[in-house]
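Engineer: full-length UniProt numbering numbers the first residue of the sequence shown as 1 and each following residue consecutively.
Hints are computed from structural coordinates only; laboratory data are not their basis.
Hints may be right or wrong, so weigh each one.
Stated by the list, open to error - Calculated cross-link-like contacts (lysine to any residue; reagent style SDA-like; alpha-carbon spacing at most 20 angstroms):
#1 45 with 154
#2 134 with 149
#3 134 with 114
#4 213 with 270
#5 4 with 142
#6 237 with 39
#7 275 with 215
#8 45 with 30
#9 156 with 78
#10 146 with 158
#11 134 with 7
#12 213 with 265
#13 237 with 277
#14 4 with 92
#15 45 with 33
#16 275 with 264
#17 4 with 16
#18 213 with 253
#19 134 with 154
#20 134 with 184
#21 213 with 197
#22 4 with 53
#23 237 with 53
#24 45 with 202
#25 237 with 270
#26 141 with 125
#27 45 with 107
#28 156 with 136
#29 156 with 53
#30 4 with 94
#31 213 with 150
#32 237 with 255
#33 134 with 107
#34 213 with 250
#35 237 with 253
#36 156 with 40
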Amino acid sequence: MISKPRLLGIINTAAYLLNALETFGYGPFSSHFSADQNNATISDKYQTIITPFGFAFSIWGVIFLMQAVFCYVCTFWGEEYSAHPLVVNGVSYYYLLACLAQTAWSPAFAYEKMPLAAVLMGCILIPLIVIAVKQNHARTKAIQNKQHHVEFFRGKYYWLLQFPFELHLGWIMAAFVLNVNLLLVSSSGTAQVVAGAISLGLLGCAAILCLFKVGHCIPSVIAWASFFIHFELYNPKALILDTFSSSEISAFRFAAISLCFVLIGLIALVRWNQKCREVDDSGNSVREDTPLRENLQIA
């Protein structure tokens, strides 16, 4: 009978391949799209006040690369990785759900079914949130129960088994609020301003919550998105200039770069605090071991 780690490796690899093929135009839906049915063209058509500059979307390349590495490691590198708590108890079958939802999102967006696309984006977001929560819980539980040392969740284990999904989650959080704002493109400028302001506020709150509950990756991705929202508004497209006043555009440009710098500052502060605590803990361990070493030398 096939083991759960082995089964997960097969399922997650198949889900990844389906999602990647669909995203890059070779899937069951995207292979039939016309030349105009691509994300860049449709995004320009439905430009919002919080649409980031095009280069921001290059993060997809990193996401797919890291998830390809994850699938390879879990399939071919043995149970040290495939049976790791971050995989078995964290990723589990939720990555399959995220990939299926993302595969379905592609034709919904290509055919400009924006309400459906927003719902499907939410269906991508939910499993990724569950993965983040379950991975954090698996790490905490294993360390508290002394089943594994903290180092079993750091270094290569974090970068190979956890980082790909935090990166994905951070970007989907930004993409979800963007998809919701796409629904209002035909509405008045005032409605779009309110929705955009609420969206930036929610992204900021979510990023700060994730910084203290999960780690640095998700708020770093939100900072990335915020910077490129700011960058896009330096040379806004015609639809934005026709819909919003110059003061509104300037306000969003300032809000986006402010959010970016606030998040970067908080990330640096939290990281510095963690380093100080690690140094203090290391010093305490040395002081606690000193009497023992002295006794051994005397003996």
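Engineer: None of the hints should be skipped; say for each whether it holds.
Structural biologist: Here is how each hint holds up against the structure:
no., hint, result
1, 45 with 154, "43 angstroms, violated"
2, 134 with 149, "18 angstroms, holds"
3, 134 with 114, "30 angstroms, violated"
4, 213 with 270, "12 angstroms, holds"
5, 4 with 142, "19 angstroms, holds"
6, 237 with 39, "16 angstroms, holds"
7, 275 with 215, "14 angstroms, holds"
8, 45 with 30, "19 angstroms, holds"
9, 156 with 78, "14 angstroms, holds"
10, 146 with 158, "18 angstroms, holds"
11, 134 with 7, "19 angstroms, holds"
12, 213 with 265, "17 angstroms, holds"
13, 237 with 277, "47 angstroms, violated"
14, 4 with 92, "9 angstroms, holds"
15, 45 with 33, "17 angstroms, holds"
16, 275 with 264, "16 angstroms, holds"
17, 4 with 16, "18 angstroms, holds"
18, 213 with 253, "28 angstroms, violated"
19, 134 with 154, "16 angstroms, holds"
20, 134 with 184, "34 angstroms, violated"
21, 213 with 197, "24 angstroms, violated"
22, 4 with 53, "42 angstroms, violated"
23, 237 with 53, "11 angstroms, holds"
24, 45 with 202, "25 angstroms, violated"
25, 237 with 270, "37 angstroms, violated"
26, 141 with 125, "24 angstroms, violated"
27, 45 with 107, "16 angstroms, holds"
28, 156 with 136, "16 angstroms, holds"
29, 156 with 53, "32 angstroms, violated"
30, 4 with 94, "14 angstroms, holds"
31, 213 with 150, "16 angstroms, holds"
32, 237 with 255, "19 angstroms, holds"
33, 134 with 107, "30 angstroms, violated"
34, 213 with 250, "33 angstroms, violated"
35, 237 with 253, "14 angstroms, holds"
36, 156 with 40, "35 angstroms, violated"
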